[in-house]
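Chains as they are written, first to last, in our numbering: chain A, 1 to 643; chain B, 1 to 643.
If you're looking for bench data, these hints aren't it; they were derived computationally from the structure.
Bear in mind the structure is a predicted one, so any value in this text is a computation, not a measurement.
Keep in mind that the hints are not guaranteed to be accurate.
Note that the list lumps identical chains together, so a pair holds whenever it fits in one copy or between two copies.
Stated by the list, open to error - Straight-line distance between alpha carbons at most 30 Å, and here's what the computed DSBU-like set of lysine-lysine pairs gives:
(1) 510 with 488
(2) 258 with 281
(3) 98 with 16
(4) 98 with 488
(5) 314 with 16
(6) 436 with 592
(7) 68 with 16
(8) 575 with 35
2 protein chains.
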Amino acid sequence: MQYYIDGFRSGDPDVKPAALGLDGTSTGRRAIAQKVDVLIAGCGPAGLCLAAQLAGFPEISTMIVEPKQGPMEKGQADGVSVRSMEMFQAFGFAEKIKREAYWVNQTTFWKPDPAKPQDIHRVGIAQDVADDQSEMPHTILNQARVHQLFLEVMKNAPTRLEPNYGLRVRDLTVDTSTKDHPVTVTLERVGVDDGTGETVTVRANYVVGCDGARSAVREAIGGKLHGDAAHQAWGVMDILANSDFPDLRRKCLIQSAKEGNILIIPREGGYLFRMYVELDKLNPDERVSNRNLTSDHIIAAANRIMCPYTIDVKEVVWWSVYEIGHRLTDKFDDVPFGETATRTPRVFTAGDACHTHSPKAGQGMNVSMGDTFNLGWKLAHVLTGRSDPSLLHSYSAERQLEARRLVETDHQWARIMSAPPGESELDGSEMPRFQKQFIENLEFTGGLAVHYEPSLIVAMPDHQGLATGQIIGKRFHSAPVLRLADAKRMQLGHVAEADGRWRIYAFAGKEDLGQTTPGILELCTYLENDPASPVRRSTRPDEDIDGLIDVRAVFQPDFTGLDFERMPALLRPAKGRYGLRDFEKVFCVDHKSGDDIYDMRGIDRENGCMIVVRPDQYVAHILPLNATTDLSAFFEGIFCRDP
Amino acid sequence: MQYYIDGFRSGDPDVKPAALGLDGTSTGRRAIAQKVDVLIAGCGPAGLCLAAQLAGFPEISTMIVEPKQGPMEKGQADGVSVRSMEMFQAFGFAEKIKREAYWVNQTTFWKPDPAKPQDIHRVGIAQDVADDQSEMPHTILNQARVHQLFLEVMKNAPTRLEPNYGLRVRDLTVDTSTKDHPVTVTLERVGVDDGTGETVTVRANYVVGCDGARSAVREAIGGKLHGDAAHQAWGVMDILANSDFPDLRRKCLIQSAKEGNILIIPREGGYLFRMYVELDKLNPDERVSNRNLTSDHIIAAANRIMCPYTIDVKEVVWWSVYEIGHRLTDKFDDVPFGETATRTPRVFTAGDACHTHSPKAGQGMNVSMGDTFNLGWKLAHVLTGRSDPSLLHSYSAERQLEARRLVETDHQWARIMSAPPGESELDGSEMPRFQKQFIENLEFTGGLAVHYEPSLIVAMPDHQGLATGQIIGKRFHSAPVLRLADAKRMQLGHVAEADGRWRIYAFAGKEDLGQTTPGILELCTYLENDPASPVRRSTRPDEDIDGLIDVRAVFQPDFTGLDFERMPALLRPAKGRYGLRDFEKVFCVDHKSGDDIYDMRGIDRENGCMIVVRPDQYVAHILPLNATTDLSAFFEGIFCRDP
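Chain A on its own, in the form it takes in the complex:
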């Protein structure tokens, strides 16, 4: 953590200095503004992840509304993929979740015992997160607690952002003829107070509908969820219970001979766990709500499926019944397919508002947050004048494709899970088919299969060979390094914060100590001084040299073989109102541990390279260290000419 650059402040460093006029007791923030830059509909994971990012920009006015009267308390999603944990690290609360949450380490598989088919028995076990797949664990924690952590980030941010509860988006219109707050939103008061039903109008530059499967925002822009339903009722319950079932603290996939399937998800705190229990088949046009299923039905079904084991439920914390649907909208913004050249988006949908699927692959919360982590920096770039509004087309382009992959994978997984156990073994392998598929899906369920296609913000993989373990279009894969100035062992990826900035990680070639050209010195000299340099061109007079592009370098020798004082000036910049030196830009290989980032990530040891990483942690470009012209050209496609 870096802080105190502009002077000492007492207290919790996670509480950022308030923006001008917001000195910490900003109840006024929750009054309804007449005009805002961004209006977010819905305080779910998608809405809060976006709000937490935008809250960091004092120059952007953000409002987030939620029909409920206050924060969520329990229930709904609970899976946090390793990819989401990496993102939480950038928000500053991954360590908190690591401490509180259940860690999914091993998953076990149960099937009917051939000797006694009415009984289940354990047939397999699989490691959940592959070695070096991520520095983060796969964790399980109730969604309400994730909300709370985002709300803390918002409240501690310079804008002291808090939600407006008890307000729902009822409708909106976009006036394409103006650029001044062209979206007019009708908000409706909901709930306990006298104002229920009363409406109020807010004008926004952008609206993001994170308002769930029945999204009014989606409806207002004519979006429709397409897809099918499996006509299968499932029950889910979070319970405190005792059982003679041995794997209660491991994730379990259970297939019974005739009673259906169960998924067990251990939860935070050591006692609580979740069960997904297969219930009745539904008729083609029947809704699950017609069956009047209760938690007692779920408990009874669970006991039938888990025979010979039983579950003695002591407290049902939360339960729900649902049917599996796989649905997707064609586009995640308000610009029709034919008009992308002439219009830029003003309204977006994210999360369940544009894709729904089975909860059992643990993707819902993660993909929703992934949506708005993708959108957040783009909105910030446009609203702060860094980029042209056409950048916003990339949101739907990137995320709709990912959502389609999600729905397809989830569809296939739901079929396999619900297939009778006999059928599922048709491929003749030793390992049960559901275990095999589970293992094949791990990169996907970890959130690591996301792969954005070449575009303005993802380069062609011409130089992929310079870093074979950092795939262009996929997330930057962290690895251990040693920080030179203080010899601290750390994860390189953890320098990235959720602050809308780009990172260039410059990896030095073999003999490069940062003192001679070509190599790091030449690159840094160019970036700092050349009029064509994207760093120089994108930096505003009133901000630090790393205000938009943060350049860090990694060297191959041990820390004792490098000299911080002789590093290029760009790697030791003077920052803040005092012009204090930043000591945290230079790293080297952590030789003592043996975890060599060059080996681990396939980085060209002879020549080095630079890796350009987007604000959402995705690898945008890989280039030779001397490819400064290509680097500038890439950023010219993204940033406006005049910062």
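Given the coordinates of chain A, work out where chain B should sit on it, guided by the hints.
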């Protein structure tokens, strides 16, 4: 973390359920009670560390008073030893400090350049925390933030304890003829309000003076600080500054030829750092305050000493001038030496109230917290009726001896640091003497040299050979293990919380899988069922089986070779109001990582052993697994017969 055992609660799991009648808004707590169990004088590290422990016991009433009008904001101590970090882990905030603080990884040493003696040059570098010395880093963070973290623990504890600010202990008397609140304390109102100087009387069962070097509590019990002063003025300042000195982010010891010495301590946040600067020699009876030294003097001296480098100070956050003194009281409680057999202590001193020394070894805050971490569980044992009040004699016995070692080591260190550079090389070795001594001191400065002598609560080392890396009387040294039920890799020592409970870590012998006797099964069966078992005898009818003694077992095979369901019942206890099973008592060697706790800690692989650990994390006893009679005898000396 384990929680939800008695049912789900929404929100931050670090906020514990409030005790009866204290539902979270207990401003009434800060009213002045007429009678309390424990009155703590002073909200420094010693006082807050004690208050944070006692706040966890709803049956103990605690009051902590502080003359200042609110929490400290900056200045004073900043070093957090690895031992203190281990203790913070038990309080639940080590991860927060790891994230925020500066980590001391490497220390550099500077001396006059023989070629140009008015200039300093770097002569050495040393690793600060030895490999596997602790799983925790040595960190630096301002004392005020440590206070804040303790205050959060207190406020989130069941008793919702908060300090009474603006109150100072003026005097106290002990009535040895009664056992009902025998200490009468006169408190004086301090500060801004009309009540200044007004007094109020509180009666307490115990009083702990954590009220600093001019302690009124110490004075009231006739304690006197003995020792000497070095007649040397030092300046200390926390600054934001630029410098061409290359090691600004490493701890540095600097000796100049003629201008004196400097110690540089980098601080949290990446920019701030502290300098200890040697100033003038004082006359034998002169006080440093007579010199009218200011921060400008400190800055000027620093620039002279650091020649050829300069420091350009931008902000002086805090500064002070002081003279080194090494002082110690003979006893840390109110019972005269001759009367220990007939009286038990009622009043204690801790921290600066009973020992003062140079701040430069970074010991002040750590040793002070060590004092009250030692005292806290003993007070809790006595006040909850677990132990006889004579247990309290062990506080002064253990801590006064440690403080004497501290003062002696610090004395020697101060002499070496202040010795002219020529003289310090008299031993003729290659390595400068101050570097050599620094390295020799590392176990001490890490807080790991503390070694309590045999007593009622520290056994004779008859069976030390069963675990050669866990020294009886020293702190339990954690190592990685795998938790069986969920295959989570973790530190064994991290199961210990600052909750006043004892731990027995039972290490299984070679073939032991927990299912056959002798071995773990036999031990657990005895502990759970035998009328002589300390677990059974100390457990009250209304509490869980691990309410006072928490038994955990470690096995040698891989997790796939062990069966949780077939473990002894004591290792799978039913707990809480629902009788939920606790899954977190059984561990095994983490084979995959190669970190084998048996090898790392010298545990007898053939026979195993049990290691008894005190509530303050010190090893109390090591025994063969079958030495149940010895185990019971040991605990009979500590616990009352009737729980």
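Cross-check of the supplied hints:
With identical chains, the CA atoms of residue 510 and residue 488 are at most 30 Å apart within one copy only, with a shortest distance of 22 Å there and 38 Å across copies. For a Cα distance limit of 30 Å, the shortest separation of residue 258 from residue 281 inside one copy, 13 Å, qualifies, whereas the shortest one across copies, 89 Å, does not. When the C-alpha separation of residue 98 and residue 16 is checked against a cutoff of 30 Å, the pair qualifies both within a copy, at 23 Å, and between copies, at 19 Å. Proximity of residue 98 to residue 488 under the C-alpha cut-off of 30 Å is found in both arrangements, the shortest distances being 21 Å within a copy and 12 Å between copies.
In this assembly of identical chains, residue 314 and residue 16 lie within 30 Å of each other by CA distance solely across copies; the values are 21 Å between and 43 Å within a copy. Within a single copy, residue 436 and residue 592 get their C-alpha atoms only as close as 37 Å, which misses the 30 Å cut-off; across copies the closest is 23 Å, which meets it. Proximity of residue 68 and residue 16 under a CA criterion of 30 Å is satisfied in both settings, with 28 Å inside one chain copy and 26 Å between copies. Taking the closest pair of Cα atoms, residue 575 and residue 35 never come within 30 Å of each other, the shortest separation being 34 Å inside a single copy and 55 Å across copies.
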